[in-house]
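If you're matching them up, the sequences are chains A and B in order. Count the first sequence with our numbering and you get residues 12 to 251, in order. Count the second sequence with our numbering and you get residues 12 to 251, in order.
Simulated from the structure, these hints should not be mistaken for lab results. Take every hint as true, because none was put in to throw you off.
Pair ranges (Cβ atoms, derived):
{"hint": "1", "chain 1": "A", "residue 1": "Ala56", "chain 2": "B", "residue 2": "Ile226", "range": "27 to 37 Å"}
{"hint": "2", "chain 1": "A", "residue 1": "Asp26", "chain 2": "B", "residue 2": "Pro91", "range": "19 to 29 Å"}
{"hint": "3", "chain 1": "A", "residue 1": "Phe58", "chain 2": "B", "residue 2": "Gln126", "range": "48 to 58 Å"}
{"hint": "4", "chain 1": "A", "residue 1": "Glu109", "chain 2": "B", "residue 2": "Gln126", "range": "35 to 45 Å"}
{"hint": "5", "chain 1": "A", "residue 1": "Pro198", "chain 2": "B", "residue 2": "Asn129", "range": "35 to 45 Å"}
Just so it is clear, CB atoms sit at the ideal spot from N, CA and C, and this is done for glycine as well.
The chain contents come next:
Number of protein chains: 2
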Amino acid sequence: MLRKFLAFRILFRKDKDLLISLQEILGFYPKNLRFYKIAFTHRSASFKENGIRVNNERLEFLGDSILDAVISDFLYHRYPNAKEGFMTEMRSKIVNGEKLKELARLIRLNDFIVQKGNTPKGSITKIHEDAFEALIGAIYLDQGYYKTYKFIISKILKKYIDFEDLEDLNLNYKSQLIEWAQKIKKPVIFVSKDHPDEIKCFSSEVVFDYKTIGIGKGHSKKEAEQNAAKEAISFLLHSF
Amino acid sequence: MLRKFLAFRILFRKDKDLLISLQEILGFYPKNLRFYKIAFTHRSASFKENGIRVNNERLEFLGDSILDAVISDFLYHRYPNAKEGFMTEMRSKIVNGEKLKELARLIRLNDFIVQKGNTPKGSITKIHEDAFEALIGAIYLDQGYYKTYKFIISKILKKYIDFEDLEDLNLNYKSQLIEWAQKIKKPVIFVSKDHPDEIKCFSSEVVFDYKTIGIGKGHSKKEAEQNAAKEAISFLLHSF
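Isolated chain A, as found in the complex (with noise of 0.2 Å):
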């Protein structure tokens, strides 16, 4: 009986820690503990809850499309007259692995996330990315819709995402090609051009086995091959 109700303290206690520790990065206390503890819960650390294993991947997939959605109307709003293809540039750049697992390691969410293996001490990984969806969906399931998007707004974006850097940020489409084609062992070629006639005075062309998949004007030959790569990887993913 002592021993059930010491048990029961210590449990308490790191309830009480964890809840307190929460409370210092989402700025509210939980309500339901038991989705943060999934939500920081690798799939190698699954548990059984009524025979049924439970980890982080459900929360992850549920707290990734409420970010999406989040982001998009922060956006939608932040910029007014801006096209649909910036907005969704924009998006790409705060939603991709390496922004996440670096809000991830910002907020300190290694201090919580519980894994089994051997993960170099302080390394961030995929693990962290994918706790830091799943947190947005327990966030979402304890708190609802526009608690969570308050959280992502003042304590994520404001807090961690310089909008103008994020602007001049250039994605490397060009990179991101030759990359995959290496990958799949074919050669992909950029054929450019100047034409001291016209103000976009550089273009280039994407070959990718004999065909032209991609073409890009620029005012420099750089900008011309990432426009090109840009038109090819959207060719080649909305081929399928």
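Starting from the known structure of chain A, arrange chain B on it as the hints suggest.
For chain B alone, coordinates are given in the frame of chain A:
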């Protein structure tokens, strides 16, 4: 003066008609018709507002991600024990071009869309699919997340989606892969074997460019090929 008054009356009557028709689809009266008018405006019929070209592309960007979020939440609760992979597949069976076109047709979006140029009467195209997503964006801005949620669940999913049918529907990965390979003019080969001594007694390998890019097993040759094709598509997509 009289002319102005009559023009105002006609405009007012048009808005009233739109309001009534929308109420029939939505189940509520819109607060701000402007969002809906934009949602139905195809790029070809863009209009200017304070010097900015306005059409439904921005709302489509927003609506697309709101739709995803709502459907993810719905699936999360409808299938409390399903794995993330199953939910992702179910979502893509609902939120794909063909299905959205069908939904646009079922809620008679055709009557609302404003476009220029020749589209054969009654034909349902990408324009309708985009307008459907833009409508979701309009409802979200006009009514907020939870009313949009309610609309999608009660007026779309429960009315037009047969989930049991959808569960059984096998996305044809093999034909998707072959179609893609034909576009880039490279052969893709399925090498299948049977293993009479195993439970899943068929296996299949997808060979593309002298390299195995997907392996699948199954109770039939068809199932093995589908699984292999699915893995191959995932490989190609994730290589970016």
